[in-house]
Amino acid sequence: MKWQAWLERIWPSLPILAALALTSLLLLAFGTSPAVAFGAILEGVFSTPDRMLTALAFWIPLLLAAVGLLLTFQAGLWNIGIEGQIILGALGASWVALTFNFPAPVQISLEVLAGMAGGALWAGIAALLKRWGVHEIFGGLALNNIAIILTNFLIAGPWQPPEGGSFRGTVPFHEDALLPLVGATRFSLFSLVLAAVAFGLVVLALRNSAWGLRLKALGRNPRSAFLLGVSSNREALLAMMFCGALAGLGGAVRVLSWFDSLRQSISGGIGYLALMVVILAAFRLYLTPFVALFFAAVLTGSIVLQLRTQLHSSLGAILTGVMVLFVLLFGDFGRVRRLFKPRGDDHV
Amino acid sequence: MRTELQDISKRFGSVQANEKISLTFEPGRIYGLLGENGAGKSTLMKILSGFQPADSGRILLDGKVQRFASPADALAAGVGMLYQEPLDLPPFTVLENYLLGQAGGLLVRSPQVANHLRELGSRYGFKVNPEETIRNLSLGERQQLEMLRLLSGGAQLLILDEPTTGISAEQKALLFSSMFHLAEKEGKTLILVSHKLDEVQELCSQVFVLRKGVLVGGAELPCPNSTLVNLMFEQLPPRRERTKLAPGAPALELKNAVVRTPRLDLTPTDLQIGSGEVFGLAGLEGSGQELLLKACAGLLPLAEGRRLLAESDVTRLGYHATSKQGVRYIAAGRLEEGLVSGLTLTEHLALVTEEPAFLVDWQANRQKTQERIKHYQVVGTPESTIEQLSGGNQQRFLFGLLPDSLKLILMEHPTRGLDLRSTDWIWQQLNERRQAGTAVLFISADLDEIIERSDRIAVFSAGRMSRVVDASRTNVDELGHLIGGQT
Numbered sequence: 171m172k173w174q175a176w177l178e179r180i181w182p183s184l185p186i187l188a189a190l191a192l193t194s195l196l197l198l199a200f201g202t203s204p205a206v207a208f209g210a211i212l213e214g215v216f217s218t219p220d221r222m223l224t225a226l227a228f229w230i231p232l233l234l235a236a237v238g239l240l241l242t243f244q245a246g247l248w249n250i251g252i253e254g255q256i257i258l259g260a261l262g263a264s265w266v267a268l269t270f271n272f273p274a275p276v277q278i279s280l281e282v283l284a285g286m287a288g289g290a291l292w293a294g295i296a297a298l299l300k301r302w303g304v305h306e307i308f309g310g311l312a313l314n315n316i317a318i319i320l321t322n323f324l325i326a327g328p329w330q331p332p333e334g335g336s337f338r339g340t341v342p343f344h345e346d347a348l349l350p351l352v353g354a355t356r357f358s359l360f361s362l363v364l365a366a367v368a369f370g371l372v373v374l375a376l377r378n379s380a381w382g383l384r385l386k387a388l389g390r391n392p393r394s395a396f397l398l399g400v401s402s403n404r405e406a407l408l409a410m411m412f413c414g415a416l417a418g419l420g421g422a423v424r425v426l427s428w429f430d431s432l433r434q435s436i437s438g439g440i441g442y443l444a445l446m447v448v449i450l451a452a453f454r455l456y457l458t459p460f461v462a463l464f465f466a467a468v469l470t471g472s473i474v475l476q477l478r479t480q481l482h483s484s485l486g487a488i489l490t491g492v493m494v495l496f497v498l499l500f501g502d503f504g505r506v507r508r509l510f511k512p513r514g515d516d517h518v
Numbered sequence: 107m108r109t110e111l112q113d114i115s116k117r118f119g120s121v122q123a124n125e126k127i128s129l130t131f132e133p134g135r136i137y138g139l140l141g142e143n144g145a146g147k148s149t150l151m152k153i154l155s156g157f158q159p160a161d162s163g164r165i166l167l168d169g170k171v172q173r174f175a176s177p178a179d180a181l182a183a184g185v186g187m188l189y190q191e192p193l194d195l196p197p198f199t200v201l202e203n204y205l206l207g208q209a210g211g212l213l214v215r216s217p218q219v220a221n222h223l224r225e226l227g228s229r230y231g232f233k234v235n236p237e238e239t240i241r242n243l244s245l246g247e248r249q250q251l252e253m254l255r256l257l258s259g260g261a262q263l264l265i266l267d268e269p270t271t272g273i274s275a276e277q278k279a280l281l282f283s284s285m286f287h288l289a290e291k292e293g294k295t296l297i298l299v300s301h302k303l304d305e306v307q308e309l310c311s312q313v314f315v316l317r318k319g320v321l322v323g324g325a326e327l328p329c330p331n332s333t334l335v336n337l338m339f340e341q342l343p344p345r346r347e348r349t350k351l352a353p354g355a356p357a358l359e360l361k362n363a364v365v366r367t368p369r370l371d372l373t374p375t376d377l378q379i380g381s382g383e384v385f386g387l388a389g390l391e392g393s394g395q396e397l398l399l400k401a402c403a404g405l406l407p408l409a410e411g412r413r414l415l416a417e418s419d420v421t422r423l424g425y426h427a428t429s430k431q432g433v434r435y436i437a438a439g440r441l442e443e444g445l446v447s448g449l450t451l452t453e454h455l456a457l458v459t460e461e462p463a464f465l466v467d468w469q470a471n472r473q474k475t476q477e478r479i480k481h482y483q484v485v486g487t488p489e490s491t492i493e494q495l496s497g498g499n500q501q502r503f504l505f506g507l508l509p510d511s512l513k514l515i516l517m518e519h520p521t522r523g524l525d526l527r528s529t530d531w532i533w534q535q536l537n538e539r540r541q542a543g544t545a546v547l548f549i550s551a552d553l554d555e556i557i558e559r560s561d562r563i564a565v566f567s568a569g570r571m572s573r574v575v576d577a578s579r580t581n582v583d584e585l586g587h588l589i590g591g592q593t
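Those sequence lines, one after another, are chains E and L. Position one of the first sequence corresponds to residue 171 (my numbering), numbered consecutively onward. Position one of the second sequence corresponds to residue 107 (my numbering), numbered consecutively onward.
Pulled out of the complex, with its shape left as it was, chain E reads as follows (with noise of 0.2 Å):
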């Protein structure tokens, strides 16, 4: 059946007109025309240059960590504590900041480097507490909690900024400890370059490497994959490690650009927004970048769309939101056709 075939192919786009569907109905159930909402949001994203460089500036700790949990995935493991990896990668980043005053490119070396190891390390003790029976999912919970608790804490104590009182942020790190800017933008070219290379090395470790062999294998089978000398111990810290260090890049990225101090909701729930943007993309290498980019031209579209009718800029997460919801429940055609598969004609 011809028909069935060219289904096939343009299926993947069809979660995506459903969410755009159901997100119409509900603007017009509130009033608003659907073509003025989404008109705000393309117009948030696309009206100026420095608009485009905000959703990139965006993009980019959103696809680092996107880009970490590939690796997690592939080797089975469900890594919802990305979100503390995150927020941890900004705590390292801003400890260096607020501590030394190294000229620019050793600052921010350092800078770049503790953010990793901070991701990586709270990463770490989620695959740690996996070997000792605690689930990836709670333990990594649980973790994010703590690290939001533990921002609160640096915010209100030891990093608390001179003039006292405000329960929000650090003191502005100094010029030579925050990544240079293009114009007035908070877009760092630097950034940019540093998240290139990550999604290179996480597309030489899963193409080629023999390391996102043994991932695959274990994501697939544990049992079969350690009777063939996969070790799951080492391997699940490995890639939690990876996907933690590349997440806490991502967190410092946000302290050094997209603000210039430590703030009390730092991630912002990028580490979520991460796990659905894999999840859309289904688990894909190269569909993964330009889902989290249509992921943050959305949300930092939407600003504008605030701006323009009375409703408020959550609408772009809602509409991610039922576009990951569609995906889960349409996204595959071989388990929709077998859901409305006709009954009792004359093929088995």
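Simulated from the structure, these hints should not be mistaken for lab results. This structure is a prediction, so every number in the text was calculated from the model and none was measured. Hints are supplied without guarantee of correctness; some may be wrong.
[Unchecked claim] Derived DSS-like pairs (lysine-lysine); straight-line CA-CA distance at most 27 Å:
no., chain 1, residue 1, chain 2, residue 2
1, L, K291, L, K170
2, E, K386, L, K430
3, L, K480, L, K513
4, L, K291, L, K302
5, E, K386, L, K400
6, L, K474, E, K386
7, L, K400, E, K300
[Said to hold, decoys possible] Where chain E lies over chain L, by a calculated footprint (3+ residues, C-beta under 8 Å):
no., stretch
8, 427-438
9, 465-477
We put the beta carbon where it would ideally sit given N, CA and C, even for glycine.
Chain E is already provided as a structure; the job is to place chain L on it using the hints.
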């Protein structure tokens, strides 16, 4: 119920598993479905029982075209299949497991159902204790429960896939009498999938033979075994005489080895196997031979005693460290313990490469895989994923993954579920290894296999190893006594 299969075809990747197979099954009869491994028997029966769809063709029950979306769907229409490994939930009680399979209302009426279950069982001579936990049951008992579940679910056609593998002689007799009862008294159709000719001769009134996915013929039974063998195999595999070897230096030694598990402890065991020796372990499943094998592989720690490989102490080495010493453990469940579904043959080979470089040379690995495929006569391509291969081909490829030089091969049920040709091939491989000085320690439930293939034999009973007997001077009778715990 009259069952018809019309022009059933099914392809897995490059393998044509079934090709235009048409068969008719009448009520009140027991049919045999024979064929080598990979002949397409299981595929065909999984299609008939709703486990997987065919690519083309039709299933008719009493002349009505059917379309099964799931095994539950097929059962509702009257087709039930008993798998080699029963589909039950080990932590559940018998009653819970049974209730789960029932389409029920909101309220569960346990006492009534428990009684019903006991009655149903007694009709076929099965003793059912609804309160017992599934994991405490033997394979044969679980099989009986599964049969009851299918029958009470309305099965008119019952498919049994190698039902006598791994069950006791007593349970086998019970199974056979219940099969006769179902066919003769209740008018059900039964299909026995098997490669054991004796069973087929004893039970079935008609047999169909598949070869390479095609129906090559059938026969009314009884008929001479040679007729069936000629249908199953294009040519009979020549039986290779095994050469007698004098065992060499000790390859494996256990000294006062004790293994403790929650279910069973192994009493202090002494064992010495020479290089080039084939050592068989017999015993009812779960009598301790599996523990011994796992302990030798380093998968279970020794609670007491010592383990030596080629006279060096490896008592404390775990599985991976033991493997590095030239030991391989091959488990019975190939896709559960040994191979990874979803990985291609090339990926498997790259995975087992020792001391791999960081980057995999896919081109070279593909070529190496191609060589192994040829050498080990695997039906498949380097790009096939492992689950696309038939059981026999998976077993062949497992051998293809072994390194060239080994001190010791530990195998659970080397030929379980394999046909004559594959069985012969596996033992030919093991014999070649043996002549190169590899010691082989294996478990089998098949006493003939143990006597025929081993140099020496030990029998396990309730965690205790018997005296070691010489294979050339023992017989099934003696082993039977040892299995029963007599000495």
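Evaluated hints:
1. L/K291 <-> L/K170: holds (25 Å)
2. E/K386 <-> L/K430: holds (22 Å)
3. L/K480 <-> L/K513: holds (25 Å)
4. L/K291 <-> L/K302: OK: L/K291 and L/K302 at ~25 Å, within 27 Å.
5. E/K386 <-> L/K400: Holds, at roughly 26 Å.
6. L/K474 <-> E/K386: The hint holds at about 21 Å.
7. L/K400 <-> E/K300: holds (25 Å)
8. 427-438: This one holds; 3 residues, not fewer than the three required, reach chain E with a Cβ under 8 Å.
9. 465-477: Check passed, 3 qualifying residues.
The structure is consistent with each of the numbered hints, conforming to all of them.
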